[in-house]
Amino acid sequence: MQTENLSPQDSIDLIQSMINKTKNAVADNSVFFLLWGWVVFGACVVQYVLKNMLHYQYHYYAWFLIIIGIAGSVYLGVQQGKKQKVKTYVSESINYLWISIGITYFALGFIFAKIGYQNSFTFYILLYGIGCFVTGRLIKFSPLVWGGIGAWLLAVLSAYLDYDTNILVSAISILISYIIPGYLLRMKYKRITTT
Amino acid sequence: MFKELDPILHSQLRLAVMSLLISVKEAEFTFLKEKTNATSGNLSVQVNKLKDAGYIEVKKQFNNNYPQTLCKITKTGIDAFEVYVKALQTYMNPDTNSGQ
Chain A
1028 MQTENLSPQD SIDLIQSMIN KTKNAVADNS VFFLLWGWVV FGACVVQYVL
1078 KNMLHYQYHY YAWFLIIIGI AGSVYLGVQQ GKKQKVKTYV SESINYLWIS
1128 IGITYFALGF IFAKIGYQNS FTFYILLYGI GCFVTGRLIK FSPLVWGGIG
1178 AWLLAVLSAY LDYDTNILVS AISILISYII PGYLLRMKYK RITTT
Chain B
110 MFKELDPILH SQLRLAVMSL LISVKEAEFT FLKEKTNATS GNLSVQVNKL
160 KDAGYIEVKK QFNNNYPQTL CKITKTGIDA FEVYVKALQT YMNPDTNSGQ
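Chains A and B supply the protein sequences, listed in that same order.
Numbers in our numbering are just positions in the first sequence, counted from 1, shifted up by 1027.
Numbers in our numbering are just positions in the second sequence, counted from 1, shifted up by 109.
Since the hints were derived computationally from the structure, they do not count as laboratory data.
Backbone N, C-alpha and C fix where the C-beta goes; we use that ideal spot for every residue, glycine too.
Restricting the straight-line Cα-Cα distance to at most 30 Å, the calculated cross-link-like pairs of lysine-lysine (BS3-like) are:
| # | chain 1 | residue 1 | chain 2 | residue 2 |
| --- | --- | --- | --- | --- |
| 1 | A | LYS1110 | B | LYS144 |
| 2 | B | LYS144 | B | LYS184 |
| 3 | A | LYS1112 | A | LYS1217 |
| 4 | A | LYS1167 | A | LYS1109 |
| 5 | A | LYS1048 | A | LYS1109 |
| 6 | B | LYS168 | A | LYS1050 |
| 7 | B | LYS195 | B | LYS184 |
| 8 | A | LYS1109 | B | LYS160 |
| 9 | B | LYS142 | A | LYS1114 |
| 10 | B | LYS158 | A | LYS1050 |
| 11 | A | LYS1114 | B | LYS158 |
| 12 | A | LYS1167 | B | LYS144 |
| 13 | A | LYS1114 | B | LYS181 |
| 14 | B | LYS160 | A | LYS1112 |
| 15 | B | LYS142 | B | LYS181 |
| 16 | A | LYS1215 | A | LYS1114 |
| 17 | A | LYS1215 | B | LYS181 |
| 18 | A | LYS1112 | B | LYS169 |
| 19 | B | LYS142 | A | LYS1167 |
| 20 | A | LYS1217 | B | LYS134 |
| 21 | A | LYS1110 | A | LYS1217 |
| 22 | B | LYS168 | B | LYS134 |
| 23 | A | LYS1217 | B | LYS144 |
| 24 | B | LYS168 | B | LYS142 |
| 25 | A | LYS1114 | B | LYS195 |
| 26 | B | LYS184 | A | LYS1112 |
| 27 | B | LYS184 | B | LYS158 |
| 28 | A | LYS1050 | A | LYS1167 |
| 29 | B | LYS134 | B | LYS144 |
| 30 | A | LYS1217 | B | LYS181 |
Covered stretches of chain A, as calculated for chain B (at least 3 residues, CB under 8 Å):
| # | region |
| --- | --- |
| 31 | 1036-1042 |
| 32 | 1106-1115 |
Full structure from sequences and hints, please.
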């Protein structure tokens, strides 16, 4: 790139082209959706089987699977941080959004331990909805936006269903809001990086 | 009336660097090099000029035992960029600005 004299139109074109080049600079977050999607989906299925088919008293032990999600997220987050050449405000906003949702999940664990877990899935699914909808809007990716809307609808439905059915509703919710958009996001990111 | 264009910004590579940094929080030197297609030597000189003008901050650190140079636009840089874009507008729309 040279430093010859620029016309005002050249300057405007240059500014536009450089700003456009940063639009795809948001990191590929699909791996986090897939990691958490499969961990939570797995925990729901394991809990349902333990509770309703094996009639195991400590069926909620299935949720210890989230330790895999936490450890995996920390590892992948550190790796991604090392590779990332640019920090955008969108990436930072998404990080803070999911950190705050994670803390809310953690706090809800204590709250439900006190008030009872009967309707706990309704609130967990509502939170999936917020995270997916906001992330989808920030990165302009409609499958996540629709996944978030789907999660909110399922959250309303779950309020009318019993606890056992809600385990499965939660699994469906995670499938439509994390897993399917996660794979579609990965495909989109691969397409961007190969073109 | 035409406004004078900031000579620090009115250069192709420096303007490209500022335009990239205006839309991100911070970027590595390698990111700027990749997006501007500039040589390391030329980019380094222009980055230093922007730094000397107070338009960007340059932070050198180690990441995984490799040296890393991070660049970030400053408040002065954002203000200068905005003034530059407004000045450009006077050239693009001279009729609307002549009455002001």
